[in-house]
Structures are given as structure tokens and as C-alpha cells.
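A.B. asks: For reference, the chains in residue letters:
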Amino acid sequence: MAQAAGLKNNKWVRLAGILIVVVLLAVAPLILPEFANQTVARIGVFAVAVLGLNVVMGYTGQVSLGQIFFVGVGAYVTAYGVNNDWNIVLVFLLAILIPGIAGLLVALAAARLGGLAIAMVTIALPIVGVPLAKRLSEFTGGSQGTSARFSDAPEWTGLFDDQWQLYIVIVIGAATFLLTRNLVRGKYGRAFGIVKSNEAVASSMGISPYRYKVLAFTIASLIGGVAGFLYMVVVQYTSPETMSFGHSITLLASMVIGGAGSIIGSLLGGAYYVLAPQLTNLIDPNLTAALQGAILLLILFVLPGGLVSLPRLWRRKRRGARPGDPAQTGTVPTSPPPAPQNTQSEERGT
Amino acid sequence: MGTFVQLVIDGLSAGSIYAALALAIVLVNQATGLINFAQGGMAVLSAYIAYAFLQLGLPLIVAILAAIVASFALGAFIERFLMRRFERGEPDTAIVVTVGLLTLITGICGWIWSYNNLQFPSLFPLDSINFLGAVVSVRSIGTTLVIIGIMLLLQLLFLRTKLGLALRAVASNPQSASFSGLPVGRLLMAGWGLAAVLGAVAGALIAPQLTLTPGMMDTALVYALAAVILGGMSSPIGVVIAAWAIGILENLAAVYVPFIGYDLKIAVPFILIFVVLILRPQGLFGRKDVVRV
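Top to bottom, those sequences are chains A and B.
If you number the first sequence the way this note's numbering does, the last residue is 352 and the count never jumps.
If you number the second sequence the way this note's numbering does, the last residue is 299 and the count never jumps.
Worth flagging that the hints you see were computed from the coordinates, not collected in a lab.
C-beta: ideal position from N, C-alpha, C; glycine also.
There's no promise every hint is true.
[Unchecked claim] Incomplete in silico selection of chain B near chain A, CB under 7 Å:
| no. | residue |
| --- | --- |
| 1 | Asp98 |
| 2 | Val102 |
| 3 | Ile118 |
| 4 | Leu231 |
| 5 | Ile235 |
| 6 | Ala273 |
| 7 | Leu285 |
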């Protein structure tokens, strides 16, 4: 055990690990079949969306049921900009900025009420968002939706479209993940953590819970906008259905199942979002919603830390089974479940 | 003038439905400190249960009463076997549990009864009467009166009976309540059961209007949550008044404000919330929470 931990903390081993991941990400799109590339790209898109939700919910402890709304806004802004032939960099920036401003406005009002009010206000976002998108048909194409093709592979690359799209998702997604990881590990991340665990303590330390809640929510919406842009890169089509209430709930479920308050958990959450419906559809399409609810409840009962806490649980179990280690025996199965947000930082490293 | 009165009374009827659901949410919140996002889903399930009893050939009123009894049991069951485990933990986790429950219940309803719209008969005749020069549907008046009656009953239960006293004791301080010998667990089950009953009434009253679908109450839930925020979590009367105000205002806005119209009227309560939260963060009638460190 000590050896494994030592190995993990060794600088060179970590560097080598990162190098392997980078090489894998660079090579994989070239060798994977088209369908796999598209699936991986979609996983990347929703991993970014889950990551945004994690900033406000996993790290700051504010339940948000409206993250999908910001993904939808980002997608619509992208479609509108592309269809009006704006510069793609400008489109990208606007696709992040506009959801961010929307998120800031919502948070300024919602965070004023303590506790659960953010959840109660944000549930309205997808429910108001869908008819709003239908109404603003000049911008959104109404209930028909709107499509925008701008992510076909350029001639000079010699790549197929799916490979080019996956590269875009990997580059932008990796940058988002890296920036977010640095954010939650630094000064702001610690402030978020205090706000989450005890608001009174936070304010006694000079950390305004209100300001940090608004900040976290705004960052989550910015990241939602990134996910919306990437969504258009991969899917090239969006409609009001993109930001429906059902999708918003699935996104929340993905975050909890992947592992709240965890970077790796966000990746697993993205994978769950994309793969789980395909699996449940195989069983019985009519059962999809019921199964998803059941899976979420099951995870909350048996694995409140999400999938990302599996290796830790396994390690602790093994240590607990060893004789002469009284501190560990019996703590895992009987202790009350910790909040799903509690994930130790050791699991967050790449 | 006629249209105006009609709109107000229809709004009052819709507002009563939101009020019933909002009261259910407040009831659970006062007892356990969490927000039950599955309250609307549970109400839909109750309506489907009533529908199933109807299919068995029971008369409508008996079917609804049977569904109400079943809902009480269902609410108590959910508290005991699902929520009990999360009640003492983080409220965030408990909220996610209720969201999972909402998905599960909606999915089960869709699986058993399909996602197609089902016709649910109305308790009230579809006639309308003349009132102050306006044509008002009997259904709107009936719905409002039924909900007001139920609120009065609840008020009696909470203020005039031993059970009500015990429920209030558990809500205000579960630990002292259990020290004084109250069966806190069973009382919490009763609280959840009562909330489910309120939802069942709301579901049975709104189903004829919207037709029965698994997602029928999603919008009503959002309105109810808006009423809870506006009225303040700690004030049942405030919540009811807020729900009525929302019902009336959204109806008026749908007709008199051209941009809003029928499709965007759901935005009305949230514009209200936005204004209220900026001016009066504890809700219109609520008290400010004071946290002791």
C-alpha cells in the first residue's frame, strides 16, 4: 500500500502517466472507428457540462437543476453566430460569455435566499427555457430547432469529420478541465469548500458566502456555455428539446453517479450521460426513465461518493480486513453515508 | 370586465392546485427540513392510482378517496424506507434523492400507463354559471372550494387535535419531541402521508383539465416551488396567498401582456421572484432564518 502511494506521488511516474494520456488522446481519434469517435466526442461534451455542474454543486454545495439551460444557450448562440457568418473565435467567446451573464443574473437573485432556494429557482430554467426558445424563433428556429455546419474537417488536415470534431472536443475540453482543476484546487476552491461545509464559518473568516455562491454559479454557467459550443461542434443541431427538464435531471444524476466534487468523476459522469440511455434502451425503451431513477437512488444508497470512490472503497475494505488495524475495521459498512460531495483530494489527481 | 372576472376565478382555481402542492412541500419541509421535488411526481402517481380504480369500475368519488388512502400509505412508505436514511445527512444529498425519486416515479407511471394522454373524468359538471356578468365554469369554483375546505381541515388538524400537536412538536424540535416520548419516526411518516394526500387531491383535481400524463405535474411543481419561495418557507398562509396571486397574475398576464401569452406565462412567477428576492429576501411573509454558531 505504502509502495503504491509512493509510486503515485513520484514526480516522474506522474509525468509519465500524463504523457501516456496525452499520447493516447492524440492517437486514439486516428485509429478508432467512426462510431466510437462520435461517442467519445459526445462523452467529452457532456463531461464538460457535468464539470460545470460540479463547480457549483460538488464543490460549493449549491444544488442546481438548471445547468442544461446554459448548455442550451451556448448551443443556440453558436448556431446563430455561425449562421450569420461571424468569426468563429468571436462565436466561441460569445457562446461562453452570454450563458455566463445569464447565470450571473440568475445567481444574483437566487443566492440571496439561503439554503435550498437555488435549487428551487434553477428548476425553473429548463421549464421556462423550452417555451422561451420556441418563442424566440428568429434566433432559435422555433420548435424545429436550428442546425449549423461549421465543424467539417478542413482540406489541409486530411482528417475525416468525426476525427476533426473529436480533436476539437479534446483540445477545448482538456483546457476547460485543466483550468477548472486549478481553480478548485486553489484559493477559490478552498473558499468554495468552506461555503459548502459551513456558511457561518465562511463569513467569520471574511469569505462572503453570497459572493462565492454567485461566483461558483457564474463559472458553472460559463463552463455550460463551453459545453454548448462543443455540443454544436459534435451534433451540429440544437432544438428546445436540448434543454428540457428531463435532460437537466439526467445531468444532475450523471454528476452524482460519476462522483460529486471530483474532476475524474465529471468524466465518468459524462460517460454515464451518454452511455446509460443506450444501455437502458437495450433492456426496454419504456423503462429508461424508471431505470435511471433507480440507478441514481441505488448509487446514493450504496456508493454515495459516486463511481469515482470505488477504488478508495475497495482499498479501505482490504485494509479493514487486515488484522491489527483497529482504526479501520468495520468503519466502512456501518458508518452513515457521507454526502456524495465528499471526495478526498487524493482521488482527484490525474 | 366579464373576461377579467373569468380570468381571476380561473386563476384562483389554478392557484388553489399550486397551493395544495405548495402546502405539501411546506409540510414536509417543516418536519424534515428538506424540499421534496418528487411531490408533484407522487401526485401524478396518485392520479394514476385513481385512474386504475376507475378502470376497475368504481365510481369516481370512491376511486379518488381510495387513491387518497393509498397515497397516505405511499407517502409514509417512502419516508420510512427511502428518506429516513438521508434525513439527518446533508440537505443537498436528500434533495438529490427526491430528484431521483421523481425520475423513478415518472418512469414507473410511463412504463405502466404509457406516456400517452389519458382522459380523466371531472368531479364537477362542465357547466358554467353567470357571476357578476362573467361566465364562470363550475369546475373552477368547485376546485377552489374543495382546496379551501381541505386547508381548513388541515388547520383544524394541526391546531385542535393531539396528533396535530405532536406533528408540530416534531417539526419544531425532533430531539425534544422524542425525549418527551413522542414516536418521532411514526409522526414523520404521518407527515409525509399527509403531504402525499394533499398532492393526491391536487392531482385528481387537475387531471381532467390537463389530461393524465406522467409529466403532468412538472409545471405545477414549479409554480408550487415559486409560491413556497414567495410566501416564505415558514408561513403556510403566506404560501397559499402567494399561490393564488401567482395563479391570478399569470392568467391575467397571458391575456393582457402580448409578449407573454399562454406559452410563456410560466415565466411570470419567476419575474415576481426576481423582484421579491432583490427587495425582500426572506419571502413576503417569511421570517429571516437566524443561524446560531
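A.B. asks: Double-check Asp98 (chain B) for me: the hint is only fine if its C-beta lies closer than 7 Å to a C-beta in chain A.
C.D. replies: Since the shortest Cβ distance to chain A is 5 Å, the answer is holds.
A.B. asks: If you take the shortest Cβ to Cβ gap from Leu231 (chain B) to chain A, is it below 7 Å?
C.D. replies: 4 Å, holds
A.B. asks: Let me know if the C-beta of Val102 (chain B) comes in closer than 7 Å to any C-beta of chain A, holds or violated.
C.D. replies: At 5 Å from the nearest chain A Cβ, Val102 (chain B) passes the 7 Å test, so the hint holds.
A.B. asks: With 7 Å as the cut and Cβ atoms as the points, is Ile235 (chain B) at the interface with chain A?
C.D. replies: 6 Å, holds
A.B. asks: Using the nearest Cβ pair, does Ala273 (chain B) come within less than 7 Å of chain A?
C.D. replies: 5 Å, holds
A.B. asks: Taking the closest Cβ pair, is Leu285 (chain B) under 7 Å from chain A?
C.D. replies: With a minimum Cβ separation of about 10 Å from chain A (threshold 7 Å), the hint on Leu285 (chain B) is violated.
A.B. asks: Would the hint on Ile118 (chain B) be counted as holding, given a Cβ-Cβ threshold of 7 Å to chain A?
C.D. replies: 9 Å, violated
In the structure shown, a violation is registered for the earlier hints numbered 3, 7, in ascending order.
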